[in-house]
Each structure stands twice: as structure tokens, then as C-alpha cells.
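Trainee: In case you want the letters, here they are:
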Amino acid sequence: MSDTPDIITVTDLVKRFGEVAAVDGVSFAIREGEVFGLLGPNGAGKTTAISMIRCLLTPTSGDVVVEGFSVLRDPMAVKRALGVVPQDIALYPTLTALENLRFWGRMYGLSGSLLEERVAEALALAGLADRAREAIEKYSGGMKRRINIAAGIMHHPRVLIMDEPTVGIDPQSRNHILETVKELNRRGMTVIYTSHYMEEVEFLCDRVGIVDHGSLIALGTIDDLKRLVGGENVISARVSDVPDGVLDALRALPDVDGASSAGQQDVAAEPSEGAGAEATLADAAGTTIEILSHDSGAVIASVVTVLTGFGVKVMSLDVREPNLESVFLHLTGKSLRD
Amino acid sequence: MRWFHIGVKDLTVTIRDRAALGVLLAMPMLLIVILGSALGNLAANIEKIPVAIVDLDRGRMGRDVTKGFFEDAELTKLFLATRLRSESEARAAVERGDLAGALVVPPEFSRRIDTGKPVRITVFTDPGRQITGSVFRSVAEAVSTHVSAASISARTSACYAVRIGVNDPGFIASVVSRAVRGNDISMLSYYAGAMSVMFITFGAMFGAFSLIRERDDWTLPRMLMTHATRTDIVGGKAFGVLLIGLGQFTVLYGFTSALGVKWGDPFAVFLVAVPTVIAATGMALFIASVAKTVRPVSGIDQVLIQAMAALGGSFFPVAQFPVWLQPLHYLTVNGWAIDGMLSTMRGGTAFDILPNAGALALMGAAFLAIGAWRLRWE
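Quick note, the sequences are listed as chains A and G, same order.
To convert, count from 1 in the first sequence and add 33; that's the numbering used here.
To convert, count from 1 in the second sequence and add 233; that's the numbering used here.
Bear in mind the hints are in silico, worked out from the structure with no lab data behind them.
All C-beta atoms in this analysis are idealised placements derived from N, C-alpha and C, irrespective of residue type, glycine included.
Mixed in with the good hints, there may be bad ones.
A few chain G residues facing chain A, derived, Cβ under 7 Å [unchecked claim]: (1) H238; (2) K242; (3) R249; (4) A253; (5) G255; (6) V256; (7) T452; (8) M458; (9) T459; (10) R463; (11) F472; (12) Q553.
Here are some chain A residues the structure puts well away from chain G; computed CB gaps all over 12 Å [stated by the list, open to error]: (13) T127; (14) R240; (15) S329.
Whole structure, please, built from the sequences with the hints as guidance.
Mentor: Now the structure itself:
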């Protein structure tokens with residue numbers, strides 16, 4: 034993969050909104066045929082960077098070149114090479130899946146028998162050929178997302194940009210979408226995948242760029258990134274609550290390199306619809322505190338002492354190998370979901 | 234052709250929206266029937282029309298032409314006539330809006346008729362009083378035509394000219410009937426035009442909603458990420474509003490025709506309807522360009538569309554407005570459109586409504602240009 038040519042080159046990309054730099058001098062290249070992950074917390078600048086690659090926003094400075102075409106000088110040629118799956122479900126709810134796909138196919142310049150062929154192909158990929166004549170508004174969230182993806186690949190783009198395509202859907206649809214991404218990549222499509230779900234990024238991506246505060250703070254394969262953490266392990270404590278000051282107390286312990294907390298948000302356990310249901314689940318499962326340490330064996334006892342000293346009930350405690358979450362914690366001192 | 238597909242898609246989305254269909258079709262149908270029935274026919278609603286009669290002839294024929302306005306039962310029911318001494322005085326009163334019209338019989342009128350020479354009666358009408366002015370014009374023109382006939386016949390037989398005098402009660406009744414009722418300007422006809430125009434502009438509001446909703450729902454940004462250009466998208470959205478407006482007008486035209494409304498020359502009606510819809514389309518783009526979210530559209534609707542409807546005569550005939558308010562209807566899409574439609578109902582041809590079509594097209598072009606220039610895409 035390392036000797037394959039670059040299909041996208043991002044050079045010193047900057048986007049300012051007034052005084053705020055949403056993207057601040059980002060440079061990276063994406064190789065043809067790879068799945069490239071862009072990982073970062075909400076508001077890190079992922080979507081702004083992606084919006085400039087897909088010609089929706091004009092860079093304040095810098096440039097993006099896609100297949101040799103600059104977004105500044107030849108945006109239409111860039112658009113022809115790109116397929117985009119937006120974060121929101123950008124479909125017409127009262128139209129059927131068939132009508133939506135035909136419409137978006139026409140927007141990509143398809144017509145006649147080629148259009149019908151691509152519509153059938155997109156419906157098959159979404160696994161919804163048998164429900165093609167139903168209005169989108171009658172679909173579940175996951176089914177809508179699958180048609181949302183299908184609408185972005187009608188014109189067989191060389192590069193597919195997927196911006197958080199699994200937000201708020203059931204595990205079955207999520208798995209279908211992840212398998213679809215794998216399948217499209219097997220067919221030769223380069224994929225840019227943004228998410229704040231590290232599990233998805235680890236499952237799909239050949240290389241990952243980590244973005245925080247508008248800057249690219251790390252770039253490499255998942256193994257490369259994990260090596261950044263060195264010999265550190267993650268102590269994961271499921272606790273009843275996180276009182277003020279407890280994280281600072283943990284960070285002050287010798288041999289602790291970072292500590293963060295996050296509500297229980299495992300994707301597999303996340304309900305498809307309804308914030309209320311999600312909150313109930315999180316309350317029942319408690320909160321997770323993650324502590325990064327280069328000597329986890331020595332520090333566990335001190336961690337428990339600190340937690341109990343703050344009156345925190347520890348429900349479980351385990352030590353695991355670093356993942357992208359711990360990489361982010363290592364690099365920034367905070368959780369991806371902070 | 235992407236603009237075409239965007240327009241057809243918008244039409245399909247609107248047809249499937251029952252609430253939109255209710256507002257765009259059911260409401261105007263209901264209002265046309267209710268207002269048309271409740272307010273009766275136009276003649277019953279027109280108070281006596283103030284006019285001036287200037288007889289500079291002071292001869293027998295001048296008396297014949299003018300005395301009907303003071304003595305005839307039919308004409309005095311319709312007109313409140315005042316004698317004035319000079320043409321300039323009458324003209325000034327019409328220009329000030331004090332009178333709906335003035336009829337001037339020139340000096341030497343009788344002598345010229347008696348000797349078979351051409352004569353000309355002058356009629357002034359106030360363009361701000363579209364209905365009452367036209368009623369007076371119709372009566373005056375009929376009188377003038379009648380006098381011309383008398384003049385021609387006078388060249389061969391003076392006795393015959395006397396026999397067909399303009400104060401002939403049968404003639405007057407026929408003229409009044411033709412001016413008021415003969416061209417079908419019943420209140421049903423009036424509101425068929427007025428409500429159609431008002432609800433076409435409401436259709437434009439839906440167009441504005443649609444554009445903002447597409448921006449919020451990410452379908453507009455998604456379109457921008459396809460191969461469609463901004464021109465395709467603006468053109469397509471405008472084409473959609475145009476299709477919806479034309480479809481809406483066609484349905485209302487069919488419905489009101491079935492109720493007995495005589496719209497007049499179909500080509501002339503088409504020539505008013507299309508620029509009306511274009512002007513409404515321009516308004517849609519203009520509203521979408523100044524409103525950031527769906528909510529302000531409702532506010533702008535109140536100010537722009539309702540004000541235009543009120544001033545333009547969609548709620549009540551402009552002729553019943555205070556005189557000082559009447560000219561303002563020329564500032565509105567509704568005013569020009571309703572004027573044009575009433576003109577076709579009265580028998581106007583495509584040529585007659587060209588000024589209306591031109592004014593509407595200009596308004597549409599101005600709104601479209603400002604809207605396309607100011608439109609926010611993100």
C-alpha cells in the first residue's frame with residue numbers, strides 16, 4: 034500500500050470563521066485504494082476539513098488536490114471524482130427509495146438504462162431492493178442511512194467520503210454499513226471515513242489521521258499510532274460517578290500519564306432512537322474512568338484508594354492494551370468523547 | 234437538464250404534501266365560493282360612481298348626449314353626475330381622484346353632426362379606479378359609438394338621426410347592462426382572479442420554505458456536492474415553483490370555469506398567468522434569500538405577501554379603496570395580475586394585457602435577480 038500513488042493531497046489547509054481557525058494548517062495525503070480514517074472529538078475540525086475536500090467550503094488558505102485537480106481551480110472535476118455520504122440523512126422523505134436514487138443519479142449526470150442499472154445496483158448494495166417503492170419516511174433510521182450511502186455511490190466515484198455514517202442507528206444496520214464500506218473498498222474505491230467511534234475506525238481503516246483543535250496531531254497506521262503510547266496500558270474502571278477533583282487526583286499519582294472519564298457509550302449497546310433510552314442505559318451501567326499508565330501493575334492499588342477516598346463505588350476494573358482512545362488520551366490528555 | 238429534474242422533483246414532493254395541497258388548492262376554492270357568493274354581484278356592490286359631464290356644445294345633440302346622465306333612471310342609478318364648465322376643470326378633478334371619469338362634448342358638436350362632419354367626444358377615466366372607471370368608459374364609449382352612428386346617418390337623413398337619439402331608454406338599458414353585467418364581472422369572477430393570484434403568491438411562500446428546508450435538511454448541500462451547478466439548482470428550484478404555480482392556476486381556472494366564470498381569451502389569460510407565476514417565483518427566491526430559517530419566512534410572508542394581497546385587491550376590489558390608496562396597487566404583483574385578469578374577463582385581448590404582463594415579468598426578474606444574488610447556500 035505504501036508505494037501506491039496518492040489520490041488526494043491536502044496541503045497547509047486552513048479555514049477560519051472570523052478569528053476562529055476551525056482547520057489550522059492541516060497537511061496529509063490519501064493513497065489510492067485505502068480506507069483513511071479521520072478521527073477526532075466533536076468540533077475538532079473533521080467535518081470542516083471534509084467540507085473543503087468536497088468543495089462545499091472554500092479554504093481560507095492552502096489547497097486540496099484530488100486526482101490532480103485542485104478544489105480551488107477545478108471544483109467540478111473534483112466533484113466528479115468524489116462520492117459523498119453526508120452525516121445527516123439528505124433524502125426526500127415523501128419520495129420512495131427508488132425515486133430518491135433516480136433523482137440523485139440524475140444529479141450525478143446519469144440517465145436512461147445506465148441510471149436504472151445503477152439504481153438497481155445501489156438498492157442491492159443497501160439490501161433494500163424489496164422495499165424500493167416505499168416512501169423513505171416509512172424506513173427505520175438504519176434503512177435510511179443505507180439509502181443515504183447508496184445515493185452517494187451511484188456514479189461509481191473513485192473516492193467516497195463518509196462523514197459519521199453510523200450515528201444513531203441499531204447494531205444490525207451499523208454492521209451492514211461497515212460491511213458495505215469494506216465491500217466498496219474491495220471493489221477499488223478509496224474511502225475517507227470520519228467518526229468518533231474508535232472501534233469502527235480500528236475495524237475499517239488502513240491509516241488514521243487524528244484531529245484536535247483544527248490540527249492533525251498524529252497520522253499513521255493503527256499499529257503506528259498505538260506505538261506512540263509506548264509501553265503504556267489502559268486501566269479502565271467502571272464507577273458509580275465521577276466527583277469533582279477525582280480526575281485531577283488520579284493524574285497526580287506517580288506513574289499515571291493521563292486520566293479521563295466518559296459515560297457508557299459502547300456503540301453496540303447504543304439504542305437506535307431516543308436520547309431518553311440512552312441516558313437510562315448509561316445510568317445503569319455507570320461511568321468509565323480510563324487511566325493511562327506505563328506501570329499499570331504498580332498503580333492499580335493507588336487508583337482504587339483515590340476512588341474510594343472520593344466515595345466512588347468501583348463496579349469493575351480491568352487493564353487492557355492501548356487502543357485509539359488511549360492514543361488520543363496519550364496525545365491530548367483527554368478522551369475522544371470529552 | 235438537471236434543473237428540469239429538480240423542478241419535477243419539487244412538484245412531486247408538493248403533490249404528496251396534503252397540507253400544502255390544502256393551502257394551495259382547497260383554500261382558494263373555498264374562499265372563491267364563499268366570497269363570491271357572500272358579496273353578490275358587482276353591480277350591487279358599486280356605489281354611485283362620481284363623474285363629470287361637460288357640455289361645451291350647448292346645442293340639441295349635446296343635450297341629448299348628456300341629459301341621460303341626469304335624467305335616465307338606469308344611468309342615474311349608476312352615476313352621480315355633476316356638470317362642469319370646462320374640460321380642464323373636469324380633467325383636473327379626475328387626476329386628483331375626486332371623480333371616476335369625465336365626459337366632454339366639444340363645442341360645435343350639434344352643428345358638425347348636422348352637417349355630417351366628424352365629431353369627437355372626450356372621455357377621461359381614473360386608472361386607479363379599475364372597475365368604476367371601466368364601467369364609465371364602457372357607457373361613454375357606447376354613447377360615443379351611438380353618436381357616430383347618428384352622425385353617419387345624419388349625412389343621409391336628419392330625421393333618422395333624431396329617431397335613434399342617445400336618450401332612447403332601450404339603448405341606455407342595453408349600455409348599462411353591458412357595462413356592468415354583460416362582461417361577467419360578478420364577484421365570483423372577481424374573486425376567481427383575486428384569490429388565484431393571492432394563492433399563487435402563497436405557493437411562492439412554499440417555494441421559499443422548500444429552499445430553506447433543503448438547506449437545513451442537507452439536501453441542498455448534497456446537491457452542491459453532485460455535478461449540479463448553482464445555476465442548475467437555482468434554475469431548478471425556480472422551475473419547481475413555476476410548475477407548482479402553473480399547475481395551481483390550471484386547477485383553479487378549471488374549477489372556477491365549471492362554476493360559470495368566463496375568463497375570456499385563453500391566450501390572454503395564459504399571458505397574464507405565466508408572468509404572474511414568474512413574479513411569484515421571484516418572490517420565493519427573494520424570501521428564501523433574506524430568511525435564514527423557516528420561521529422568518531412566515532414573518533416575511535405576513536409583510537410582503539399579505540400586504541401585496543391587501544393593496545393589490547385580492548381581498549377587496551381596489552375601486553372600493555380610498556382614492557389616495559388606489560394607485561399603490563400598481564406596486565404589487567397582485568394589482569397588475571388582477572387588473573390583467575379582469576381585463577381578459579371583460580373581453581380584453583392579449584394586446585390589451587401586454588402592459589400587465591410586462592410589469593409582472595419585470596417584477597419577477599427583479600425579485601429573481603436579488604434572490605439569486607443574496608441566496609445563502611450554507
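Trainee: Each hint should be assessed against the structure and marked as holding or not.
Mentor: Verification of the supplied hints:
1. Because the smallest distance between the Cβ of G:H238 and any Cβ of chain A comes to about 5 Å, under 7 Å, the interface hint for this residue holds.
2. A hinted interface residue such as G:K242 counts as satisfied when its beta carbon comes closer than 7 Å to some beta carbon of chain A; here the least separation is about 5 Å, so the hint holds.
3. Interface restraint check for G:R249: the shortest CB-CB distance to chain A comes to about 4 Å, inside 7 Å, so the restraint holds.
4. A hinted interface residue such as G:A253 counts as satisfied when its beta carbon comes closer than 7 Å to some beta carbon of chain A; here the least separation is about 10 Å, so the hint is violated.
5. At its closest, the beta carbon of G:G255 sits 15 Å from a beta carbon of chain A; the interface hint therefore is violated under the 7 Å criterion.
6. Interface restraint check for G:V256: the shortest CB-CB distance to chain A comes to about 16 Å, outside 7 Å, so the restraint is violated.
7. Taking 7 Å as the C-beta cut-off, the interface hint given for G:T452 holds, the closest approach to chain A being about 5 Å.
8. The restraint placing G:M458 at the interface with chain A holds, with a minimum CB-CB distance near 5 Å, inside the 7 Å limit.
9. The restraint placing G:T459 at the interface with chain A holds, with a minimum CB-CB distance near 4 Å, inside the 7 Å limit.
10. Given the 7 Å rule on beta carbons, the hint for G:R463 is violated: about 11 Å separates it from the nearest Cβ of chain A.
11. At its closest, the beta carbon of G:F472 sits 14 Å from a beta carbon of chain A; the interface hint therefore is violated under the 7 Å criterion.
12. A hinted interface residue such as G:Q553 counts as satisfied when its beta carbon comes closer than 7 Å to some beta carbon of chain A; here the least separation is about 42 Å, so the hint is violated.
13. Chain G draws A:T127 into its interface by the beta-carbon criterion, the shortest separation being 4 Å against a cut-off of 12 Å.
14. Look at A:R240: its CB is around 24 Å from the nearest CB on chain G, clear of 12 Å, so calling it non-interface holds up.
15. With a least CB separation of 44 Å from chain G, A:S329 remains clear of the 12 Å interface cut-off, as annotated.
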